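Q: Residues per chain, in single letters:
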Amino acid sequence: MAVGATRGGIHDMEPMSRWRERLQQKTLQPLLRTTPLYKAWVAFLLMVLAWGGYAYTQQWRHGLVVTAMRDRISWGLYISLFVFFIGISHAGTLISAILRASHARWRAPVTRMAEFITAVALVTGASFVLIDMGRPDRIFNVYLYGRWQSPIMWDVIAVTTYLTASVLYLYTPMIPDLAMFRDSLTDKVGPIRRWFYEAAALNWVGGSGQKKALTRGIAVLMVVIIPIAVSVHTVVSWIFGMTLRVGWNTSIFGVLFVVGAIFSGVATLVIVMAILRRVYHWEEYITEKHFRYLGYLLGAFAAIMIYVNITEYMTAGFKLEEGEEFAFRQLFLGKFSYLFIFYLFGGLVVPVILMLYRRTRTVAGVVTAAVLVDVAMFVERYFIVVTGLRVPLMPYEPADYFPSWVEWSVLAGGFAFFALAITLAVKLFPMLAVWEMIEEKEQALGEDVMRELVRTGVVDLENPAALPNPRGSLS
Amino acid sequence: MKTNTRPELRRLGPITGLVVAVVLLIPGIAQAGEITVSVGAPSSAEVGSTVEVTATVVVDGRPVIGAEVSLSYLASFGGVEDLAELDRATTGDDGVAVLSYEQRAADNGEMRVQYLGPEDGPVDPVVFGITVEPGGVQQYQSQVGVTIPWLSDTVVIGLITLLWSVIAFSAFQLVLIGRRGERPVGALVRSEVPAAAEEGSVWIGTLLAFAALITATGMVIVFVRSPLTHGNLSDPGHDGRTPVGFLGEEYPYTGFGLAKITDTGDPVHDGSALWIRAGCAACHGLSATGGSVGPDVSDLESLSDFSRDARRGPDAMPGYAAATLSDTALAQIYQWLDAGSPAWPHP
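Chains as they are written, first to last, in my numbering: chain W, 6 to 480; chain H, 304 to 650.
Derived from the structure by calculation, the hints contain no laboratory data. A portion of the hints provided could be inaccurate.
Unchecked claim - To give an idea of the interface, some chain H residues facing chain W are shown, with a C-beta separation under 8 Å as derived from the structure:
| hint | residue |
| --- | --- |
| 1 | A409 |
| 2 | T457 |
| 3 | V458 |
| 4 | G461 |
| 5 | L462 |
| 6 | S468 |
| 7 | V469 |
| 8 | L479 |
| 9 | R483 |
| 10 | A515 |
| 11 | L516 |
| 12 | A632 |
| 13 | L633 |
| 14 | A634 |
Since we're looking at a predicted model, the values are computed, not measured. Ideal Cβ positions, reconstructed from N, Cα and C, are used throughout, including at glycine.
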């Protein structure tokens, strides 16, 4: 029975111990059984990754000339992908930190996935900065000769801070579940994995001292990670905003990027959630309610995106300063209009409409909206980067850019890396936050018991002195 | 309006008018003496100062009262040249009119005072010039950066340190969790754990915590030392914009210009100019310490080594024939290199 279904009454409920056992079994299931489909999927991803790797060796050997990036349009698909993946990484922050801080009960089954998406997307995104460099060995110059006056430096610091904090934030709440793995998998996995769980579980036995430290760690992290995440995407927007370029010369860029990041992050979470739920039959834990709630978030953020876009294009378009006319023409009427129109309608308006109607607020509807949003957000990152650079600074013919095969291949490799990391994480880590789900269930159960006691007259709410402790009576 | 006059009569009109005018003018010119205008103006004016120009109008040595004069200069903008009027004045009892203007332009070009009337006077203006000196008073110009006293890198470093302290605090909770693992109470019952693994567990938490701490320290170090790290490119003292130049002011150029003078007699000076002119600097850098293509050649062993390499052109370097660079020129360049390749102000 799903968490919500326990509200029917406590008599037709299964015992807590049996529910907990099944949850643990379901969480362990991906580790114990490897289907041929899984192997085929991993093989496919490895092949795409290898192809992307081959394309990158071409770039390594011949230089950036194998890409379509030239002097006038010097950023392209790679930087778009960097922005996109850093954006996706906001999934973990929002779902996990904000919902945890606001004590949203339904969050427990989805937090772990969200946190994994954050960590993996950050690593993928950051690596695309390296890939974009003609001389990747010069990355160390950031540390050797870095100047804090440079927005690039701000970005390095923000992303490093965010990565450290999110890895900690992923790991800390996972410790009790890793301990559960350690205890349940002793004789079912090989010595390496056994050692890994032993080490990673940090001697977790669930003592009060440990619980206190765990709670403290999570509480501090969830608060501190929210401003960090906001700062990360603001700084990413400043990489553009601090440059003297027509399309990027707007103060709302930080807001646009942060909102867009959370927007695409939620969409990615929905997609990953839907796939894992389907593959590992977690329908009992990840219910339609979770999709619906995330759908509300998606719809709300689509509306905010529409608003931010209108303010941005209204203020710039009304004044239409020099160069702005070119930027507008290429976005609304010219070369990029089909991408832009798709983004506006397919990525922003359609998701809002899908989430407005009960009939389309289903799992399928939310997933459809999420796919649309993710595609549209990638398209948005692409045209922000390319159209901004395309506006001529001097009276020359506007340059053209279309990614070369190397760039497309490395892009495919990047997506394959992201998918592969999530796929492999499923085999090693608890993808459901088991202990949090148990806690949530116990809390709900306590309330049910309480309600039942009040209903049957055992407890008199008018006389609180006689109130028994519902948690104590259960554990 | 239509008239019925015959065409030949109409043609007669302007001719009659001209004749009448000439007849009337002859006694006028004969009657009055010639009006003359003389101008008193400073030879130079400082930018930003108010300049007074006096125009004295006399006729037969007597001042003309109430004569109107104008002061203008030949302005040029966007390829169009025209007179721009600066001031207009009427002569007083002494026949002197005071014209004034504020010196804004860096160069006034040709200035002129024109007699305007009421009597007929000289048609040609009095042309003169005022040299413009650079001055201190300018219209508002933006400065090199805005320094806000309380907003400094210390604040930024402080914020980053604070943020990373919080992260490190959370990371050390992992150490606590690992250390408190010896008391087996609670919901999840432990199976038998080998002692070695127990040590490993504390170790992994400590490692993570220290990794966070070290990254934090690294961030702060990068920030703290950053203003000096580009000392090789520019003086950290002015990492702002190009300094403001005042109109008409001359700035001594301290870099390597298109050196024309290569025979000043000072071999070190001439060598530095030749270094630019022969194109050496393009590969080896302005101070010969090496560029993206050429290696550091600032401390060569001897003149003979230097001459041999310059003539031959090792690796990708082009060889310099004696027609391009004479032996004397090579010696001069060598002397400049030997002197530590100092930078010279080139005009």
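Q: Confirm or reject each hint.
A: Here is how each hint holds up against the structure:
Because the beta carbon of A409 of chain H sits about 27 Å from the nearest beta carbon in chain W, more than 8 Å, this interface hint is broken. The restraint placing T457 of chain H at the interface with chain W is violated, with a minimum CB-CB distance near 11 Å, outside the 8 Å limit. Restraint check, V458 of chain H versus chain W: the minimum CB separation of about 11 Å is more than 8 Å; hint violated. Taken as an interface hint, G461 of chain H does not check out: its beta carbon lies about 13 Å from the nearest beta carbon of chain W, beyond 8 Å.
Taking 8 Å as the C-beta cut-off, the interface hint given for L462 of chain H is violated, the closest approach to chain W being about 10 Å. For S468 of chain H, the suggested interface contact is broken, since its CB lies about 10 Å from the closest CB of chain W, more than 8 Å. Proximity of V469 of chain H to chain W holds as hinted, the smallest CB-CB distance being about 5 Å (cut-off 8 Å). Interface hint at L479 of chain H: satisfied, since its Cβ lies 4 Å from the closest Cβ of chain W, which is below the 8 Å cut-off.
Hint status for R483 of chain H relative to chain W: holds, with the closest Cβ pair at about 4 Å, below 8 Å. The restraint placing A515 of chain H at the interface with chain W holds, with a minimum CB-CB distance near 6 Å, inside the 8 Å limit. Hint on L516 of chain H is violated. Least Cβ distance to chain W is approximately 10 Å, over the 8 Å limit. Given the 8 Å rule on beta carbons, the hint for A632 of chain H is violated: about 36 Å separates it from the nearest Cβ of chain W.
Against a cut-off of 8 Å between C-beta atoms, the interface hint on L633 of chain H is violated, since the closest Cβ of chain W lies about 35 Å away. About 37 Å separates the beta-carbon of A634 of chain H from the nearest beta-carbon of chain W, more than 8 Å, and the hint is not met.
This entry does not satisfy hints 1, 2, 3, 4, 5, 6, 11, 12, 13 and 14, going by the numbered hints stated previously.
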